[in-house]
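Enquirer: Residue-level listing of the chains:
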Amino acid sequence: MIAEAGHFALLLALALAIVQSCVGLWAGRSRDAALIAMTRSAALGVCAFVVAAFAALTRAYVISDFSVRNVAENSNSVMPLIYKVSGVWGNHEGSVLLWVLVLAAFAASVALRGRDLPDVLRSNVLAVQGMIAALFLAFILATSNPFSRIDPAPFEGADLNPLLQDLGLAIHPPLLYLGYVGCSIAFSFAVAALIDGRIDAVWAKHVRPWTLAAWIFLTLGIAMGSYWAYYELGWGGFWFWDPVENASLMPWLAATALLHSAVVMEKREALKIWTVLLAIVAFSLSLIGTFLVRSGVLTSVHAFAVDPARGVFILGILVVTIGGSLTLFAWRAPMLKHGGLFAPVSREGALVFNNLFLAAACAAVFIGTLYPLALEALTGAKISVGPPFFNMTVIPLMAPLIIAMPLGQNLAWKRGDLLGAAQRVQLSFAVAVAAAAIIAAATWGGPVLAPIAIGGGVWLIVGSFSEIGARVSRGAPSALASRLIGLPRSAFGTAVAHAGVGVTVIGLAATAWHVERIATMRSGDMIDVGAYRLRLDSITPRTGANYREDAARFTILKDSAEVGSVVSAKRIYPIRQMPTTEAGLWTHGIGQVYVSLGEIETDGSVAVRVYDKPLVLLIWLGAVVMAIGGALSLSDRRRRVGAPRPARAPPAMAPAE
Amino acid sequence: MTLMRLIISAFFFLVASLGGALAVQPNEMLRDPALEARARQLSSELRCLVCQNQSIDDSDAPLAHDLRVLVRERLTAGDSDEDVRRYLVARYGEFVLLRPALNARTALLWAAPFLALLAGAALMLAGWRRRVVAGPPAPLSAEERERLDRLVGR
Numbered sequence: 085m086i087a088e089a090g091h092f093a094l095l096l097a098l099a100l101a102i103v104q105s106c107v108g109l110w111a112g113r114s115r116d117a118a119l120i121a122m123t124r125s126a127a128l129g130v131c132a133f134v135v136a137a138f139a140a141l142t143r144a145y146v147i148s149d150f151s152v153r154n155v156a157e158n159s160n161s162v163m164p165l166i167y168k169v170s171g172v173w174g175n176h177e178g179s180v181l182l183w184v185l186v187l188a189a190f191a192a193s194v195a196l197r198g199r200d201l202p203d204v205l206r207s208n209v210l211a212v213q214g215m216i217a218a219l220f221l222a223f224i225l226a227t228s229n230p231f232s233r234i235d236p237a238p239f240e241g242a243d244l245n246p247l248l249q250d251l252g253l254a255i256h257p258p259l260l261y262l263g264y265v266g267c268s269i270a271f272s273f274a275v276a277a278l279i280d281g282r283i284d285a286v287w288a289k290h291v292r293p294w295t296l297a298a299w300i301f302l303t304l305g306i307a308m309g310s311y312w313a314y315y316e317l318g319w320g321g322f323w324f325w326d327p328v329e330n331a332s333l334m335p336w337l338a339a340t341a342l343l344h345s346a347v348v349m350e351k352r353e354a355l356k357i358w359t360v361l362l363a364i365v366a367f368s369l370s371l372i373g374t375f376l377v378r379s380g381v382l383t384s385v386h387a388f389a390v391d392p393a394r395g396v397f398i399l400g401i402l403v404v405t406i407g408g409s410l411t412l413f414a415w416r417a418p419m420l421k422h423g424g425l426f427a428p429v430s431r432e433g434a435l436v437f438n439n440l441f442l443a444a445a446c447a448a449v450f451i452g453t454l455y456p457l458a459l460e461a462l463t464g465a466k467i468s469v470g471p472p473f474f475n476m477t478v479i480p481l482m483a484p485l486i487i488a489m490p491l492g493q494n495l496a497w498k499r500g501d502l503l504g505a506a507q508r509v510q511l512s513f514a515v516a517v518a519a520a521a522i523i524a525a526a527t528w529g530g531p532v533l534a535p536i537a538i539g540g541g542v543w544l545i546v547g548s549f550s551e552i553g554a555r556v557s558r559g560a561p562s563a564l565a566s567r568l569i570g571l572p573r574s575a576f577g578t579a580v581a582h583a584g585v586g587v588t589v590i591g592l593a594a595t596a597w598h599v600e601r602i603a604t605m606r607s608g609d610m611i612d613v614g615a616y617r618l619r620l621d622s623i624t625p626r627t628g629a630n631y632r633e634d635a636a637r638f639t640i641l642k643d644s645a646e647v648g649s650v651v652s653a654k655r656i657y658p659i660r661q662m663p664t665t666e667a668g669l670w671t672h673g674i675g676q677v678y679v680s681l682g683e684i685e686t687d688g689s690v691a692v693r694v695y696d697k698p699l700v701l702l703i704w705l706g707a708v709v710m711a712i713g714g715a716l717s718l719s720d721r722r723r724r725v726g727a728p729r730p731a732r733a734p735p736a737m738a739p740a741e
Numbered sequence: 411m412t413l414m415r416l417i418i419s420a421f422f423f424l425v426a427s428l429g430g431a432l433a434v435q436p437n438e439m440l441r442d443p444a445l446e447a448r449a450r451q452l453s454s455e456l457r458c459l460v461c462q463n464q465s466i467d468d469s470d471a472p473l474a475h476d477l478r479v480l481v482r483e484r485l486t487a488g489d490s491d492e493d494v495r496r497y498l499v500a501r502y503g504e505f506v507l508l509r510p511a512l513n514a515r516t517a518l519l520w521a522a523p524f525l526a527l528l529a530g531a532a533l534m535l536a537g538w539r540r541r542v543v544a545g546p547p548a549p550l551s552a553e554e555r556e557r558l559d560r561l562v563g564r
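Those sequence lines, one after another, are chains A and B.
Per the numbering used here, the very first residue in the first sequence carries number 85; after that it's consecutive.
Per the numbering used here, the very first residue in the second sequence carries number 411; after that it's consecutive.
Hints are supplied without guarantee of correctness; some may be wrong.
[Claimed, not checked] Computed from the model, here is a short list of chain B residues facing chain A with C-beta under 7 Å:
id: 1; residue: E438
id: 2; residue: D442
id: 3; residue: P443
id: 4; residue: Q451
id: 5; residue: L459
id: 6; residue: V460
id: 7; residue: L480
id: 8; residue: R484
id: 9; residue: L508
id: 10; residue: A517
id: 11; residue: A522
id: 12; residue: A526
id: 13; residue: A532
id: 14; residue: A536
id: 15; residue: R539
[Said to hold, decoys possible] Okay, the calculated bits of chain B under chain A, using three or more residues with CB under 8 Å as the criterion:
id: 16; region: 485-491
id: 17; region: 550-558
[Claimed, not checked] Sample of chain A residues with no beta-carbon within 12 Å of chain B, all distances over it, derived:
id: 18; residue: S148
id: 19; residue: V403
id: 20; residue: F437
id: 21; residue: A465
id: 22; residue: K466
id: 23; residue: T604
id: 24; residue: T665
Hint data in this document are derived by calculation from the structure and do not stem from the laboratory.
Bear in mind that the values here come from a model prediction, so they are computed numbers and not experimental data.
For glycine and all other residues, C-beta sits at the position ideal for the given N, C-alpha and C.
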């Protein structure tokens, strides 16, 4: 019964979403207070019904109701509870439902946000959100019903794909969806502005926090996915330029560009049309990512034709959403007025430079991902576009950004002074060169480019704070602390986020010093890898809740002293007869020793692959630092429209939220 | 179902090597470290044809194993890297190259990122020049100025 109730809740949500979009559009035109209020209630209603449906599906998973086909195919009664819950979105139907849930939650929070959001804008935004929700709810109901029953119900479920039985599945997809779908808010704001024909700094001020929030989630989601792949797949790679990864990187690049162009719009009312376009593009890329992954077109153009219903439906959603919004853009954008003027060398100019390179990198990823598909569809020729292509195109497009970032931060608005900015970063530059030189000398005869790249990372970390340094050091030294406290939090946010990029750059550069050893070992054997020596102590069979494994225990030695131990295992999940490798990770500071096992032979020998990966954790820590910078910036009171300036405001004027 | 499983696992960032680990087996490796390093470098840019998006260096599919052995055989026989690539393309088509060769079919692909950069730069330049030509916005009329004064309470 509860599954049917969940299905019915989805139907009600669809009906309400249609109401939300129609009434919202009408309210945006008529400015009628009752209609405006109705749009808001409809958005809350959609959210409530989708939450109910999601809860119903979650319940079916938790109690292992195998009469629901989706549960029977993707769960199992002996699975730990956390994987039962995360299994809800570990399959096609459930993950689309999660997508809609996040969408509805975002729309509801737009509906609930403080009074400062203009009513017309809010109604139009909710109308667009309602349309997207209606399209995806129709998709679920027409092609991907998670509540369909199976009769007779099996006694036991087919188990969740063992690769997905991991904490990563519990965290990664929700984070990524918060990022993907968060882009829909910026998209809706852009379309709303086009519908209304009006766009100004207030608009930008409202869009920024949503974009920033989506960007933070996307950053964390991508980093989390990368780390998950790193430890779960067992060969130590962390980024494969897989189409699925590219599908998440493209919205990230677009959202990063949008974040920066929205600053220009907010401060100077310039780049309006470009900002609107970026907002549309960012969400369109999220949708294209969903299409690529969900339609099966990735495996081959021909796989698409095997089960066309879903693919065609998503393609339809794509055409309607992207085509519709771009048509609207082509029609209305020329009517938007141009904003402030600026010289090429200025903060605005630097942000345009940033946008140019981010957009070009995004285009490179886009073309590299879709080119084989297009070529196969047009000529039938099959080619591969793999990591070498992306490394050769994206990295050169990113390098200028790394060089320019600290400089751009030090340029003034409207008309900047390149020489002055260069003077302010000369200390950072000296530190970076010194760092590169020291590393190069210490690793003489090793990789050549890596020390330079490390220098680039140091340049970013130190240079990101040079603007704060310059702002604080002006005037009397005695007031230094108070000036530091007086700086807006968003200034620290920028510095921290940029420094985070530097941290990641150092982590990536350090991959040049990763050492790999492949060998066959028996108990008692030792191998050397990097600065460490590993001894295989034992291989013992163990039994887990729904798997069996052979666990190999290694002792790690350094200069013949024991410094740690690590367990790596070869698992088999009997229900699916699927083997997995549980890599053993031993973390030393920010580096790791990574051990993965091959087949265990009958004579007790085992093939092992061992890595010493110095500084490897910086790759993901950098992303976390970026996200912290974003959160700092998000918490800046000035960013909230209508919030009074701190300190000067009387207490009666509390923030509007 | 297999396809679905592939898609799902790929979707969550996991390249679909079900159970993957330890692609290069110790017994496959060549004794000569220089030759082995070349083999590794080569195989990291060759596609495992039956996998979703993996190099033969990363995959533990049986085909990937055969190809790794084949690459090493060719190298031991004295082939250059280019010879090995040509040999594999002749056998399996260009699909096997993860780094697409530059030819008529892929010229657009390789040029695209830099065309995108150029096009973007041209657009931005055009926009900037248009704005400079258009000049700053017209100053406020007397009426607008009066309204503004009223609004700011002067």
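Enquirer: Checking each numbered hint in turn, tell me which of them this model violates, lowest number first.
Expert: Violated: hints 1, 2, 3, 4, 5, 6, 7, 8, 10, 13, 14, 15, 16, 17, 20, 21, 22, 23, 24.
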